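Student: Residue-level listing of the chains:
2 protein chains.
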Amino acid sequence: MNRDILLQAQERVAPYIHRTPVLTSQLLNDEAGAKLYFKCENFQKMGAFKMRGAANAILSLSQEERDRSVVTHSSGNFAQAVSLAALKLGVKAYIVMPENAPDVKKEAVRSYQGEIIECESTPEAREATAMAIQNSKGATFLHPSNQDEVIIGNSTAATELLEDYPDLDVILTPVGGGGLIAGTALSANEFSGKCVVIGGEPMNVDDAYRSLKSGKIETNTSFNTIADGLRTHLGDRNFPIIKELVHDIIRVEEDEIIEAMRLIWERMKIIIEPSCAVPFAAVLKQKSTFKNKEVGIILSGGNVDLKNLPFEQKV
Amino acid sequence: MNRDILLQAQERVAPYIHRTPVLTSQLLNDEAGAKLYFKCENFQKMGAFKMRGAANAILSLSQEERDRSVVTHSSGNFAQAVSLAALKLGVKAYIVMPENAPDVKKEAVRSYQGEIIECESTPEAREATAMAIQNSKGATFLHPSNQDEVIIGNSTAATELLEDYPDLDVILTPVGGGGLIAGTALSANEFSGKCVVIGGEPMNVDDAYRSLKSGKIETNTSFNTIADGLRTHLGDRNFPIIKELVHDIIRVEEDEIIEAMRLIWERMKIIIEPSCAVPFAAVLKQKSTFKNKEVGIILSGGNVDLKNLPFEQKV
Numbered sequence: 016m017n018r019d020i021l022l023q024a025q026e027r028v029a030p031y032i033h034r035t036p037v038l039t040s041q042l043l044n045d046e047a048g049a050k051l052y053f054k055c056e057n058f059q060k061m062g063a064f065k066m067r068g069a070a071n072a073i074l075s076l077s078q079e080e081r082d083r084s085v086v087t088h089s090s091g092n093f094a095q096a097v098s099l100a101a102l103k104l105g106v107k108a109y110i111v112m113p114e115n116a117p118d119v120k121k122e123a124v125r126s127y128q129g130e131i132i133e134c135e136s137t138p139e140a141r142e143a144t145a146m147a148i149q150n151s152k153g154a155t156f157l158h159p160s161n162q163d164e165v166i167i168g169n170s171t172a173a174t175e176l177l178e179d180y181p182d183l184d185v186i187l188t189p190v191g192g193g194g195l196i197a198g199t200a201l202s203a204n205e206f207s208g209k210c211v212v213i214g215g216e217p218m219n220v221d222d223a224y225r226s227l228k229s230g231k232i233e234t235n236t237s238f239n240t241i242a243d244g245l246r247t248h249l250g251d252r253n254f255p256i257i258k259e260l261v262h263d264i265i266r267v268e269e270d271e272i273i274e275a276m277r278l279i280w281e282r283m284k285i286i287i288e289p290s291c292a293v294p295f296a297a298v299l300k301q302k303s304t305f306k307n308k309e310v311g312i313i314l315s316g317g318n319v320d321l322k323n324l325p326f327e328q329k330v
Numbered sequence: 016m017n018r019d020i021l022l023q024a025q026e027r028v029a030p031y032i033h034r035t036p037v038l039t040s041q042l043l044n045d046e047a048g049a050k051l052y053f054k055c056e057n058f059q060k061m062g063a064f065k066m067r068g069a070a071n072a073i074l075s076l077s078q079e080e081r082d083r084s085v086v087t088h089s090s091g092n093f094a095q096a097v098s099l100a101a102l103k104l105g106v107k108a109y110i111v112m113p114e115n116a117p118d119v120k121k122e123a124v125r126s127y128q129g130e131i132i133e134c135e136s137t138p139e140a141r142e143a144t145a146m147a148i149q150n151s152k153g154a155t156f157l158h159p160s161n162q163d164e165v166i167i168g169n170s171t172a173a174t175e176l177l178e179d180y181p182d183l184d185v186i187l188t189p190v191g192g193g194g195l196i197a198g199t200a201l202s203a204n205e206f207s208g209k210c211v212v213i214g215g216e217p218m219n220v221d222d223a224y225r226s227l228k229s230g231k232i233e234t235n236t237s238f239n240t241i242a243d244g245l246r247t248h249l250g251d252r253n254f255p256i257i258k259e260l261v262h263d264i265i266r267v268e269e270d271e272i273i274e275a276m277r278l279i280w281e282r283m284k285i286i287i288e289p290s291c292a293v294p295f296a297a298v299l300k301q302k303s304t305f306k307n308k309e310v311g312i313i314l315s316g317g318n319v320d321l322k323n324l325p326f327e328q329k330v
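Chains U and B supply the protein sequences, listed in that same order.
Using the numbering used here, the first residue of the first sequence is number 16, and each one after it goes up by one.
Using the numbering used here, the first residue of the second sequence is number 16, and each one after it goes up by one.
Hints listed in this document are in silico derivations from the structure and should not be mistaken for laboratory results.
A portion of the hints provided could be inaccurate.
The list makes no distinction among identical chains, and a pair is therefore deemed to hold if it is satisfied within one copy or across any two copies.
In silico DSBU-like pairs for lysine-lysine, Cα to Cα no more than 30 Å straight-line [to be verified]:
1) Lys300 <-> Lys121
2) Lys50 <-> Lys121
3) Lys322 <-> Lys302
4) Lys308 <-> Lys121
5) Lys50 <-> Lys231
6) Lys322 <-> Lys50
7) Lys322 <-> Lys121
8) Lys103 <-> Lys302
9) Lys231 <-> Lys209
10) Lys103 <-> Lys306
11) Lys300 <-> Lys322
Predicted model, so just to flag it, every value in this text is computed and none were measured.
Chain U with its partners taken away, still in its complex shape (with noise of 0.2 Å):
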């Protein structure tokens, strides 16, 4: 990847995103043995680092295509950041949701005027809806993860991180469809003459551990994690830059990530949500690692339902 078509893409989506703080937390410095820098993501345009990549993605298209409408498949945070950064740019947007999707993420979408088709709840009715309104308004498809102007638009995280960090011996962030992790390795390739990147994954989703050992895409059976963001899978243009540059995936359990999710609430005083904690929680499970290293840990997002957190309930 040509640093050239980074540092464009940063300069590019630099006026519709948040250039994000770097916080840094004693008490968790002295938990981890290491010195965490933390890129708050969670404090990004409504509240993911998806705005980045949807925001890239928006500004690539020519005019006409903006003219036509956008279009993704998404019930999570992307829709949200496709919504927005349309919103922003003053193009339509068309946004396909399962039926059942909590309100919660409807009313989301509704407030930065993404308009929602339903569909039933499967990848092939997902994927139809989609494609019909390819094909009736012209609308132009984003991948949440797997395309490349969004890839190179989350890798400018990462590229704000190392201005302010130089030094950083490694930068971990959560691997769930790819995208954000793909990024991050192609930004750290080119700015860091020794910064490696390591992905956060919860066990029991962990296609992306399976891909790095396997070579090829590995999918999931079953998608029981409270880390509701990583339930996805690798896709083709993703992968390839993950295997070459992706130094490794650490996997952590279920508990691991409440527990890590908690302290970075209770210690650092701030609202992520459960994805966005797995990697400090591969950090906190495998000290050895990273003793004495200067860690970033891009914090993914922080849109939680707040009526429904992982912590124990009042008796």
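Here the structure of chain U is known, so what remains is to put chain B in place on it, guided by the hints.
Tutor: This is chain B only, laid out in the frame that chain U set:
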């Protein structure tokens, strides 16, 4: 109050505290119809502004006094603040707490090496126990809110905020024992030609509101508020300052406090405690007062029990 005294306090406490960030949110600005600047004392060491007053009070003692120890009675943030400030300064701290104080509060004090002395859960027992320690150990008593050095230490949050945003029209704080709002009023009076100070107080414990009306220190007969840091009343050191320099106190209902807290958690992705949401609730309640104004809000603390949150529970 002499400007030099406030500036000296700022210099004195600086090595022992965080200069906390000021966050903004376009969404909350839109909601309020004003420009809001949130001074994040929830990110302060031990999680609350109380660290400022405790540090300044201990730093103001002679070496002989420090060698003898300090004592306070508190089951809240001031207990942690005194413990941590004393630990950093090599001073022994005794913390008088009611025997029925929650374990989580006791553990927090112990984690900062404060020595807990338990007593019965009455004001009389609390004061008698603290007095006994003053007598037997020669400990200096530190009051959570009604002591000049504590009030002056607390002023440093507003001083920092006005350094960052000199054009503020108003600064809001919660009102509990009066130590934060008094310090804030001293600072605004010295460092701004126009900035007024307004308090937010729960309707259910509106002693400070009534005190301003009657001109004497009023107390509460019931203490039924989620804002557990605000159940105390004003004192003879801070009330004269408040009477002279505080512009107004706005009272809010319990549901308004919870809604303000939820908005800050959801939109800003930061954790604040219920007491801390009261000034923002006041802004939302009385929008016309703040319309298009530059409004500083001191987010006083972020110590919450994640197992016991006021948001609607899991079904």
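Student: Within a copy, between copies, both or neither: which one fits Lys231 and Lys209 at a CA-CA cutoff of 30 Å?
Tutor: Within one copy only: 27 Å inside a chain, 66 Å across chains, cut-off 30 Å.
Student: At most 30 Å between C-alpha atoms: does Lys308 with Lys121 qualify within a copy, between copies, both, or neither?
Tutor: neither (41 Å within a copy, 33 Å between copies)
Student: 30 Å Cα cut-off: does Lys322 pair with Lys50 within a copy, between copies, both or neither?
Tutor: between (33 Å within a copy, 29 Å between copies)
Student: Between Lys322 and Lys121, at a C-alpha cutoff of 30 Å, which is it: within one copy, between copies, both, or neither?
Tutor: Both: 16 Å inside a chain and 28 Å across chains, each within 30 Å.
Student: Have a look at Lys50 and Lys121 and pick one of within, between, both or neither, based on CA distance no larger than 30 Å.
Tutor: between (39 Å within a copy, 29 Å between copies)
Student: First find the shortest C-alpha distance between Lys300 and Lys322 inside one copy, then the shortest across copies, and answer within, between, both or neither for a cut-off of 30 Å.
Tutor: both (29 Å within a copy, 24 Å between copies)
Student: My question is about Lys322 and Lys302: at a cut-off of 30 Å on alpha-carbon distance, are they close within one copy, between copies, both, or neither?
Tutor: between (33 Å within a copy, 28 Å between copies)
Student: At most 30 Å between alpha carbons: which applies to Lys50 and Lys231, within, between, both or neither?
Tutor: Answer is neither; intra-copy 34 Å and inter-copy 52 Å both fail.
Student: Evaluate Lys300 and Lys121 at a C-alpha cut-off of 30 Å and name the case that applies: within, between, both or neither.
Tutor: Close across copies (28 Å), not inside one copy (36 Å); limit 30 Å.
Student: At most 30 Å between alpha carbons: which applies to Lys103 and Lys302, within, between, both or neither?
Tutor: Classified as between; 27 Å across copies, 42 Å inside a copy.
Student: Is it within, between, both or neither when you check Lys103 against Lys306 at 30 Å Cα-Cα?
Tutor: Close across copies (26 Å), not inside one copy (43 Å); limit 30 Å.
Going down the numbered hints, you'll see the structure goes against 4, 5, while the others check out.
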